[in-house]
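If you want the building blocks of each chain, they are given just below.
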Amino acid sequence: AQTVTQSQPEMSVQEAETVTLSCTYDTSESDYYLFWYKQPPSRQMILVIRQEAYKQQNATENRFSVNFQKAAKSFSLKISDSQLGDAAMYFCAYSPGAQKLVFGQGTRLTINP
Amino acid sequence: DTGVSQNPRHKITKRGQNVTFRCDPISEHNRLYWYRQTLGQGPEFLTYFQNEAQLEKSRLLSDRFSAERPKGSFSTLEIQRTEQGDSAMYLCASSLQGTGGWYEQYFGPGTRLTVT
Chain A
94 AQTVTQSQPE MSVQEAETVT LSCTYDTSES DYYLFWYKQP PSRQMILVIR
144 QEAYKQQNAT ENRFSVNFQK AAKSFSLKIS DSQLGDAAMY FCAYSPGAQK
194 LVFGQGTRLT INP
Chain B
197 DTGVSQNPRH KITKRGQNVT FRCDPISEHN RLYWYRQTLG QGPEFLTYFQ
247 NEAQLEKSRL LSDRFSAERP KGSFSTLEIQ RTEQGDSAMY LCASSLQGTG
297 GWYEQYFGPG TRLTVT
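If you read the protein sequences in the order shown, they are chains A and B.
FYI, the numbering for the first sequence is 94 to 206, going by the numbering used here.
FYI, the numbering for the second sequence is 197 to 312, going by the numbering used here.
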């Protein structure tokens with residue numbers, strides 16, 4: 094069974110600093126997708142960034158970037174120049190294709206002004 | 197385009213009662229997913245539809261749960277004889293699935309169910 098593990102229940106960072114959220118996953122598939130989703134308090138889940146497993150290049154979206162280590166089955170999210178609006182629950186997720194998402198337990202990120 | 201909508205947003209019910217939730221996906225989206233999220237956890241997949249066909253159901257979806265998507269538009273999720281363990285946020289997501297690849301799932305705000 095595919096599983097996603099986020100070992101950091103909570104993280105905090107000073108505004109304008111950089112923070113890295115960790116994620117590991119387990120799968121026997123060779124082709125799949127990995128995601129980071131953001132869930133602000135009382136608001137809906139939104140996609141932050143996506144990585145296709147067949148791509149060696151790490152995905153980047155503005156201040157958000159990933160470190161994808163396929164052999165280690167590791168997929169971390171780096172947030173640069175943290176802003177107060179980045180405060181949220183962050184979920185790492187996996188999908189073997191055009192199917193369901195398998196989510197990790199989440200990391201609550203606090204931004205300190 | 198107003199995004200994915202879910203109704204009601206909150207539902208409080210007594211144990212043993214039946215409840216029904218509705219999800220309206222983004223128009224023209226052919227895929228519709230249901231997830232359940234308990235407090236402090238990540239969402240767990242329940243089921244999904246391609247148009248009106250239900251393609252996969254999780255083992256989490258006991259026989260008390262049923263989902264439909266008549267005419268491939270909105271979807272309903274019904275829970276019969278609710279139990280306290282059913283208390284959770286029920287999330288709906290939709291996507292426009294083409295051939296191959298992955299297409300972004302857009303999530304609704306969820307329906308929070310409390311079973312007393």
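Read the hints as simulated data drawn from the structure, not as lab findings.
What you are looking at is a predicted structure, and each value in this text was computed from that prediction instead of being measured.
Do not take every clue at face value.
List of simulated lysine to any residue pairs, SDA-like, C-alpha gap at most 25 Å [stated by the list, open to error]:
no.	chain 1	residue 1	chain 2	residue 2
1	A	K163	A	D119
2	B	K210	A	S135
3	B	K207	A	K163
Output of the computed footprint for chain A on chain B, the stretches with three or more beta carbons under 8 Å from beta carbons of chain A [said to hold, decoys possible]:
no.	stretch
4	228 to 242
5	299 to 312
Backbone N, C-alpha and C fix where the C-beta goes; we use that ideal spot for every residue, glycine too.
- Message: K207 (chain B) and K163 (chain A) were given as a pair; does the straight-line alpha-carbon distance stay at or below 25 Å?
- Response: violated (42 Å)
- Is the straight-line distance between the alpha-carbon of K163 (chain A) and that of D119 (chain A) 25 Å or less? Distance ~10 Å between K163 (chain A) and D119 (chain A) Cα, so the pair holds.
- Proximity test - 8 Å, beta-carbon atoms, the stretch 228 to 242 of chain B to chain A, at least three hits: holds (count 8)
- Message: Verify this for me: three or more residues of the stretch 299 to 312 of chain B with a beta carbon less than 8 Å from a beta carbon of chain A.
- Response: holds (count 7)
- Please work out if K210 (chain B) and S135 (chain A) have their alpha carbons no farther apart than 25 Å. holds (24 Å)
Figure legend: structure checked against the earlier numbered hints; the only hint not met is number 3.
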